[in-house]
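For reference, the chains in residue letters:
Protein chains: 2
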Amino acid sequence: MEISKPRGTRDFLPEEVAQRRSVESKLRDVVKKWGYGEIITPTFEELELFTLKSGEGIIGELYNFKDKGDREMTLRPELTAPVMRAYVNEMQSFPKPVKLFYFENCFRYERPQKGRFREFWQFGVESIGSAKPESDAEVIALAMTLLASVGVKGNLNVGNLSVLRHLLSQVTADVESQGNVMRIIDKMTKDPAEEQNLEMLLLELKASFELVQKIKAVVGLAGKDGFSAIQKARDIVGQLPELDAFEKTLVLLSAYGIHDYTVNFGVARGLDYYTGIVFEIYADGLGAQKQVCGGGSYKLISLFGGGDVPSTGFGIGFDRIMEICDKTVDQVPSIVLVSKPETHAESLKIASGLRQYVPVQTDLMGRNFKAQMEFANTTGADYVLIVGEKELESGCFSLKNMESGEQISLSLDELMKKFRN
Amino acid sequence: MEISKPRGTRDFLPEEVAQRRSVESKLRDVVKKWGYGEIITPTFEELELFTLKSGEGIIGELYNFKDKGDREMTLRPELTAPVMRAYVNEMQSFPKPVKLFYFENCFRYERPQKGRFREFWQFGVESIGSAKPESDAEVIALAMTLLASVGVKGNLNVGNLSVLRHLLSQVTADVESQGNVMRIIDKMTKDPAEEQNLEMLLLELKASFELVQKIKAVVGLAGKDGFSAIQKARDIVGQLPELDAFEKTLVLLSAYGIHDYTVNFGVARGLDYYTGIVFEIYADGLGAQKQVCGGGSYKLISLFGGGDVPSTGFGIGFDRIMEICDKTVDQVPSIVLVSKPETHAESLKIASGLRQYVPVQTDLMGRNFKAQMEFANTTGADYVLIVGEKELESGCFSLKNMESGEQISLSLDELMKKFRN
Chain A
1 MEISKPRGTR DFLPEEVAQR RSVESKLRDV VKKWGYGEII TPTFEELELF
51 TLKSGEGIIG ELYNFKDKGD REMTLRPELT APVMRAYVNE MQSFPKPVKL
101 FYFENCFRYE RPQKGRFREF WQFGVESIGS AKPESDAEVI ALAMTLLASV
151 GVKGNLNVGN LSVLRHLLSQ VTADVESQGN VMRIIDKMTK DPAEEQNLEM
201 LLLELKASFE LVQKIKAVVG LAGKDGFSAI QKARDIVGQL PELDAFEKTL
251 VLLSAYGIHD YTVNFGVARG LDYYTGIVFE IYADGLGAQK QVCGGGSYKL
301 ISLFGGGDVP STGFGIGFDR IMEICDKTVD QVPSIVLVSK PETHAESLKI
351 ASGLRQYVPV QTDLMGRNFK AQMEFANTTG ADYVLIVGEK ELESGCFSLK
401 NMESGEQISL SLDELMKKFR N
Chain B
1 MEISKPRGTR DFLPEEVAQR RSVESKLRDV VKKWGYGEII TPTFEELELF
51 TLKSGEGIIG ELYNFKDKGD REMTLRPELT APVMRAYVNE MQSFPKPVKL
101 FYFENCFRYE RPQKGRFREF WQFGVESIGS AKPESDAEVI ALAMTLLASV
151 GVKGNLNVGN LSVLRHLLSQ VTADVESQGN VMRIIDKMTK DPAEEQNLEM
201 LLLELKASFE LVQKIKAVVG LAGKDGFSAI QKARDIVGQL PELDAFEKTL
251 VLLSAYGIHD YTVNFGVARG LDYYTGIVFE IYADGLGAQK QVCGGGSYKL
301 ISLFGGGDVP STGFGIGFDR IMEICDKTVD QVPSIVLVSK PETHAESLKI
351 ASGLRQYVPV QTDLMGRNFK AQMEFANTTG ADYVLIVGEK ELESGCFSLK
401 NMESGEQISL SLDELMKKFR N
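Line by line, the protein sequences are chains A and B.
full-length UniProt numbering applies: residue 1 is where the first sequence begins, and numbers increase by one.
full-length UniProt numbering applies: residue 1 is where the second sequence begins, and numbers increase by one.
Worth flagging that the hints you see were computed from the coordinates, not collected in a lab.
Small disclaimer: the values here were computed from a predicted structure and weren't measured.
Hints may be right or wrong, so weigh each one.
[What the hints assert, rightly or not] The list that follows gives simulated cross-link-like pairs (lysine-lysine, DSS-like), each with its CA atoms no further than 27 Å apart:
(1) B:LYS32 <-> B:LYS327
(2) B:LYS248 <-> A:LYS349
(3) B:LYS66 <-> A:LYS114
[Said to hold, decoys possible] Not the full set, but computed from the structure, chain A residues with beta-carbon under 7 Å of chain B:
(4) THR41
(5) THR43
(6) PRO97
(7) ALA255
(8) PHE304
For every residue, glycine included, the Cβ atom is placed at its ideal position computed from N, Cα and C.
Take these sequences, add in the hints, and give me the full structure.
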């Protein structure tokens, strides 16, 4: 009986892996130039880490299990909580900001559907220790630069939750109730019909009619002219220091060359722990699943036993950007050495030399000359080098370019020199 | 309350990750030059995949769990079975040999102890489709070359299970009983006292006194002169075609420049599915846990529903070699830009330019000049660039080498040119 891979997961074969590694490597190159250091955390964590952050409701989506010591564990559904846990355990004394990035797999027990998998990859950063617009702006600019580095044009939506939180605090001080409202607002960005549910919930919470109107106005407040949108927010909620900081973030974004974005006070991110700046980046070509990046500033560390440390971060859905990004892989010419049983050992020595520079295949099947040529053909080798007795005697080897069919004669030295460059 | 990482797992912080990535990248470079393509399989698989391969006994060491669809799953304890499963599902029509490599995490529920972790990393290859000495020799030579590429001198022990299997087939045809004998022989390499258990088990299986003596002689047969060891094996078991192939493998190893090894017919690998060549590589500096690589030729694919396809592969214990290998990381000079509130936006523009070439940090904390200099100091920046009003007006920037203390004055063009190289 044939065993299959688990439902909703994938095998990545060499051609696809090469593309993924090439994209990964471009992202790594950018994020390191911005001074972020990589962190690797365990693939599974204590279940409590994620229920503390997201509530018990998340368990339904998790790969949770009891280990053999009867401890509740789970495969990680995301990386922010593990990175914050590691920060609390091991990095509280590091100079601030602590700038970290990760590229790891995550797991969610979801109904398998197009473009969504149960094991998926996230590329993200966390800038820990600064509550300043400088940190917010860097994080947003980095997200846009990462996407651009792999040919993805992102549509940036930036909001600021402090405005909604300010209004909601007049409705209820209960964090969970605030969270429920935020989740409905998050859904509204995808489904405007949710507006009714928002009204109902706010009235249940005994919000005044005027306050409901204000909240609806803030949720609907969006525009390409960010400074004017911020001014309109001031008109609704009055002077808030967070709005001044938001303005400064926009000024800094323009210093990073980012001028084209939408300020959208309806971006709510659906999670309780975001406090100030929130942003989402959408890309074309992905249908309904167009969000490729989400992030914001948050306070999570105190939840896990650390101090009240402000952070800003984001996660990029790596699998999603793989569908639309530039997947070009740097091509290195490959060579197949064709030998006879009598010359096979010598072909291995030549292979060892050439492998300093390029990928080389030698015969592993004991095939005859014709079958070896066929192997070179079907595997798409760029060159074939004949290593026969005549060639070894004369020291003169014939190299065939498999695309052009051109054949040239080279000494071993000339051969090495050709591929060294 | 502070939440910790799960017992027996690790967080890798940036400095260590950089070292691990540097070693990984050297290994990748080598394996690609040998024409192997990377495969990525899911982190968890159906439990049956591993019990089919290793028996129900392995469950005690696994992180197995039921998913929400009540299917028995497990985090992978190793990669050979998943790669073979993926081969059966998706690669049977590929031209042979199919040469694959992987670098992935694995999971075992073991008592945490020095140098052994519950999540650990394996770097390995599988060459699928050839039963020839050419494939065995390439795989062994590749393992040695990989270790050498990161400065690990491996002591190679090569055996061939066909000799023991030939003798055991005269004792019993039962695969499980043969497996039990092999596991005791595997333990004998670490603990000679196991010899008594071997004798007892063989006598239980009704082996003749003469056969027991022959088996013990083969298990103890080892020597630096491989050809003479093979001849001695012939003296015990007679002519076997596998011994001729073993000789050929040694001839090919010498073409790869590998002359220093021990032929050891006692290498048993403790797993049922190895058929011919088996090898283990030990390294100094690791105490009792000195094995850094193990592999051999095997037939596993028919177990998973494919044909009777011969393969050769190995796994390198990445965490173990990290303890003894060359961990040098290519150093790229890093720059911290020091600015004032008035010049901060301009410093971001300069940072964007410099980030084409080198890692750059700008102030994210709203710090004053002195605190920014201190940050550069404590984080070990190589250079500090002052971006003040005077500098922006004159177009002349002062770059301080933090190691030598030397300070030079540069235009923006000169600055870019300096770091481009």
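Those earlier numbered hints the structure runs against, lowest number first: none
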